[in-house]
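Taken in order, these protein sequences are the chains called A and L. Per my numbering, residue 1 is the first one in the first sequence, and the count goes up by one each step. Per my numbering, residue 1001 is the first one in the second sequence, and the count goes up by one each step.
I should point out that these hints are in silico values taken from the structure, not numbers from a laboratory. By construction, the Cβ of each residue, glycine as well, lies at the ideal position given by its N, Cα and C atoms. Any given hint could turn out to be false.
What the hints assert, rightly or not - Partial list, computed: chain L residues near chain A (C-beta under 7 Å):
#1 A1215
#2 E1261
#3 L1262
#4 D1290
#5 S1300
#6 G1408
#7 P1451
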Amino acid sequence: MVTLVVKRFGFMIFTMIVVSLILFLLLETDLTGDPAARVLGQFSNEEQRELWREQHGYNQPVVLRYVKWLGNFATGNLGESIRFKGPVADVLLPRLWNTAILGFWTFAIMIPLSLTLGVLSGMKEGSKLDRAISVFGILTTSVPEFASAVFFSALFVFGLKWLPGTSSMSGGFEFKQLILPAMVLIVYDFGYVARMTRASMAEVMTSQYIRTAVLKGLPYKSVILKHALRNALIAPFTVIMLQINWLLSGVIVVEFFFAYKGFGALILEASLNNDIALLEACAMVAVCVAVTTQTIADIGYTFLNPRIRFS
Amino acid sequence: MTDEKQATRRIHPGVEKMKEALADGKCSRREFLRTATLLGVSATAAYGIASNILGEDVLPDFVSSAMAADQKKGGVLKFGMVVQEMADPGTYSWTQKSIVARHIIEYLVETGPDNITRPNLAESWEASDDLKTWTFHLRKGVKWSNGDDFNADDVVFNFTRWLDPKTGSSNLGLFDAMLEETGEKDKKGNPVKRMIKNAVQKVDPHTVKITLKSAVLSIPENLYNYPTGIVHRNFEKEGGDFSKNPVGTGPYELAEFKVGELAVLKKRNAPYWGGEVFLDEIRFVDLGEDAGAYLAAIASGQVDGLYELDLTTLEAAKNIPGIKVISIPSTQTGLIRMKVTEKPFTDIRVRKAVQKCCDVKRMLDIAHRGLGIVAEHHHVAKIHPEYFALPPIKQDIEGAKKLLAEAGYPKGIELSCNVGNTDGVWEQDSVAVLKEDAAKAGINIKMNVMPSAQYWDVWTKAPLSLTSWTHRPLAVMVLGLAYRTGVPWNESSYANPEFDAALNEAESTLDVEKRRAKMEKVEKILQDDAVLVQPFFRSVFTAIRENVVGFEMHPTRYYRFHKVSLA
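Let's have the full structure, built from the sequences with the hints guiding it.
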């Protein structure tokens, strides 16, 4: 178990270093244009650019710059954002927090909902309830977020006038503004998790030990809750961990549409504005979240499933 | 407006000439008002003179002052608009930045929605008969928010700063008549310029004299161009960052500022020289770049007004109850300009061939739904006062083919056109229509659509690209910014001494008839040199909620909410 954890963490760090190298080559070198011109803007002259390069150490050898850059990153010095004219961390953290709030509510509703429906559906494969849940899940999952966002806006904002049209929270946090973005994310993602749970549950229900439990006369409720559920939830656990990953990129569309000031919108803004330092930080955060959730999923999976742990 | 109080010290002889022209029907009342106010006559007096001459009431096109009595004080106006960094008012390249700043700092003059320029921080001004010396009398008793008195030092500081090439201000092009060549050349081979010594002088603490090397009529109008907001004389000493140290003379102060999110202005406690403002607070709410988000926000009452209404959301907005859609013609436009220093556009025949492919009417109808007026490839609009009507231009595909063959491309040519949709997708649609027509002549245009912010990194560099230009009340203003040799915004690198001379002459001619006659040459040179394909000048729209009182659409979107209140 310990070796596994150490190995996983080692792999995690290795992945991040590789990604950082790619990022550095793409954004900090002349491969994609002069960084000085990007930072100083179109009216800057060569003199100002040279001065900037000198001040910011852009005239040093590339290898040395990379090591320094990596060191800065590791110590939390993320640089200055061009668009926001301030330290990257000051912009990034509140935005991450906003996305975390959106993610929290999305998951808080989506996970219990999809697990319950998945389990109900998988308990009796082929029943009317199963068919209904499956069809509904496929339907919502196959509608892309930008389409459901338009649909919900047309219905709840322009039609019924129940909900505010955008979620910029400019006057402070307001739960009402969170409903539409969360709804779009939940509707899109719930079908996927529900169907994974259903498949897993259905498989468990056909296994020998469940048949034994039923035949030895245990109450049905207890068979489901005590015997089937624990095994059936192993697969959905990994899927859910991966959804955190998905959320970080999935929110870009939703945050853009509803003007929610989160991490997804920030990635878009950073790339549209050539904001190198900010883009680097966003990319590193996204990669960090991806490998961390992956590692947790791997370790958690072994923990839940002794067959992997001991083989 | 406090221009009623303005003391007209001396009537410029040009005003007498204008009076005669108005009486003889040689100039329009608009032209009279514009020129008379530029020459230092107060707006009220100019409207009065016009009424006397014409024997009928000539009233302002807008009614803000008349409304004041019924307007309610207090309230918070929420306005949907992107919030960008706004560190240096002298180098703004987006109108939106100036709209936030416009409530904190002020301009020497103000050009209203009726295109008339009125006194603001300058109480009055006079021009010498040759239009080479301009004297501005500054308003007394105006206080900066840090307690200092506003005076001539502030104005001298601002001019000096704008006209220092190191600042990188686009105002360099506007005040070219205050510059001289240093003898050095920049990398592109254009002469480096600097401000002529004593071009701006403090006469006394409240009088500033501007001396020009050639006559310019539009000095006051230039002073309301959006990067000419007057900052405090210690702006640079105190860090040079306006959003961190927002010292101003205006009625509002910056209470909160988050780029990409929000800018909050609060009414200052100190009395404001310009009289009562109604709103307690103005909140600029950034809703990103999606036109749909702005529409959803105004539909659900999250904002009371929008910076702009996209062409794609115009019809939808008209159908939402509680919302007013406002539209006015303007000289905002999209220029498909060809960089004359880049191959293949170094050859005028190629440029002419591209120009000949353009069907202006078709482009207007398809790309902007016919909402606007057609243009003639010389950046002067029919609604510009100095517009001279040249013979109409027509699409000529055969002619284009012939020119192309002469230029050495008998089998056609491949071009790539950048478009950033900085003001909407009509930009992309315009290029698409040109692409279709040009293909008939063997010109194969590849469209390179890029995000708007990235576009501004390459706009002066790309060989072929569509750039959106904002409205300017006088044609000479925009021509000086965009086509004069070596100015920062000359994106086509056009350099023609003959054009520069003709423009200088037009700029220095007061008489409308004569100036219009001189514009013939200016327009003709620019059109014949085929620097740009300019299909149309577009109308501008926006939407506000019905509870907003006193909102005036401005052709340049230089919104100012001093006279706006909530019902």
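Hints versus structure:
Because the smallest distance between the Cβ of A1215 (chain L) and any Cβ of chain A comes to about 28 Å, over 7 Å, the interface hint for this residue is violated. Restraint check, E1261 (chain L) versus chain A: the minimum CB separation of about 6 Å is within 7 Å; hint holds. The interface hint given for L1262 (chain L) holds, since its Cβ lies 5 Å from the closest Cβ of chain A, which is under the 7 Å cut-off. Satisfaction of the interface hint for D1290 (chain L) is found here, the shortest Cβ-Cβ separation to chain A being roughly 6 Å, below the 7 Å cut-off.
Hint status for S1300 (chain L) relative to chain A: holds, with the closest Cβ pair at about 4 Å, below 7 Å. Below 7 Å, beta-carbon pairs count as interface contacts, and G1408 (chain L) has none with chain A, the closest being about 32 Å; its hint is therefore violated. Of the supplied interface hints, the one on P1451 (chain L) holds, with its beta-carbon coming within about 4 Å of a beta-carbon of chain A, less than 7 Å.
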